[in-house]
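Enquirer: If you want my numbering, it's the position in the sequence shown, counting the first as 1, plus 2.
These are computed hints drawn from the structure, not numbers from a lab.
A few of these clues could be false.
Unchecked claim - The calculated label-pair distances, taken between Cβ atoms and stated as ranges, are: (1) 59 x 174: 42 to 52 angstroms; (2) 56 x 173: 22 to 32 angstroms; (3) 42 x 14: 16 to 26 angstroms; (4) 20 x 55: 49 to 59 angstroms.
Where a beta carbon is used, it is the ideal one built from N, C-alpha and C, also for glycine.
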Amino acid sequence: MDADKIRKGVELILEGIGEDKDREGLLDTPDRIARMCEQIFAGLGSDASQHYAKTFTAVNNNLVLEKDIQFYSVCEHHLLPFFGKVHVAYIPNGKVAGLSKLARTVETFARRPQIQENMTSQIADAIMTNLEPKGVMVIIEAEHMCMSMRGVQKPGTKTTTIITRGVFDADYTLQQTVLQSIR
Numbered sequence: 003m004d005a006d007k008i009r010k011g012v013e014l015i016l017e018g019i020g021e022d023k024d025r026e027g028l029l030d031t032p033d034r035i036a037r038m039c040e041q042i043f044a045g046l047g048s049d050a051s052q053h054y055a056k057t058f059t060a061v062n063n064n065l066v067l068e069k070d071i072q073f074y075s076v077c078e079h080h081l082l083p084f085f086g087k088v089h090v091a092y093i094p095n096g097k098v099a100g101l102s103k104l105a106r107t108v109e110t111f112a113r114r115p116q117i118q119e120n121m122t123s124q125i126a127d128a129i130m131t132n133l134e135p136k137g138v139m140v141i142i143e144a145e146h147m148c149m150s151m152r153g154v155q156k157p158g159t160k161t162t163t164i165i166t167r168g169v170f171d172a173d174y175t176l177q178q179t180v181l182q183s184i185r
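Working from the sequences, and respecting the hints, build out all of it.
Expert: Listed below in structure tokens is the structure:
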């Protein structure tokens with residue numbers, strides 16, 4: 003990341019909204035924003051495959067569900083946060099990953115300018131590619147600040163996206179099992 007460009011950009015925004023960038027409370031804001039960007043956009047350039055370097059043999063291939071993985075991301079349209087929970091279900095095909103690897107996969111894609119619809123499929127595709135399970139289902143429930151604090155201004159509104167891959171695509175009963183388990 004180019005911290006100097008971020009700092010200059012923040013100064014321009016402050017001037018553009020009519021603020022005094024040299025006001026005491028704003029003096030360090032450009033630097034704080036540059037440091038914040040390094041953290042909240044840390045997923046840029048990251049590859050989810052790194053989380054699957056080590057897998058384990060699965061004796062049974064029953065449903066694995068990790069639910070309520072909290073995340074924070076930034077909408078690429080307004081650069082405002084969206085946040086919520088991700089639920090990941092998969093049917094192993096002889097191997098599993100450590101449970102933290104699913105949460106790390108979520109973080110890889112959440113920590114970049116993003117839209118929820120793409121994030122949902124990116125998580126599912128990374129799991130399919132790296133674990134090669136029989137199938138995967140990813141559900142994201144999120145509140146978008148671009149809907150809550152600007153525009154239509156409807157705080158508390160949640161957007162849900164669901165992606166299925168493999169055996170989940172055609173198995174409505176399996177989908178319902180996952181949906182009932184996360185409620």
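Enquirer: Please go over all the hints and tell whether each is borne out by the structure.
Expert: Hints, one by one, checked against the model:
{"no.": "1", "hint": "59 x 174: 42 to 52 angstroms", "in the structure": "violated (30 angstroms)"}
{"no.": "2", "hint": "56 x 173: 22 to 32 angstroms", "in the structure": "holds (29 angstroms)"}
{"no.": "3", "hint": "42 x 14: 16 to 26 angstroms", "in the structure": "holds (20 angstroms)"}
{"no.": "4", "hint": "20 x 55: 49 to 59 angstroms", "in the structure": "holds (51 angstroms)"}
Checked against the numbered hints given earlier, the structure breaks only hint 1 and satisfies all the rest.
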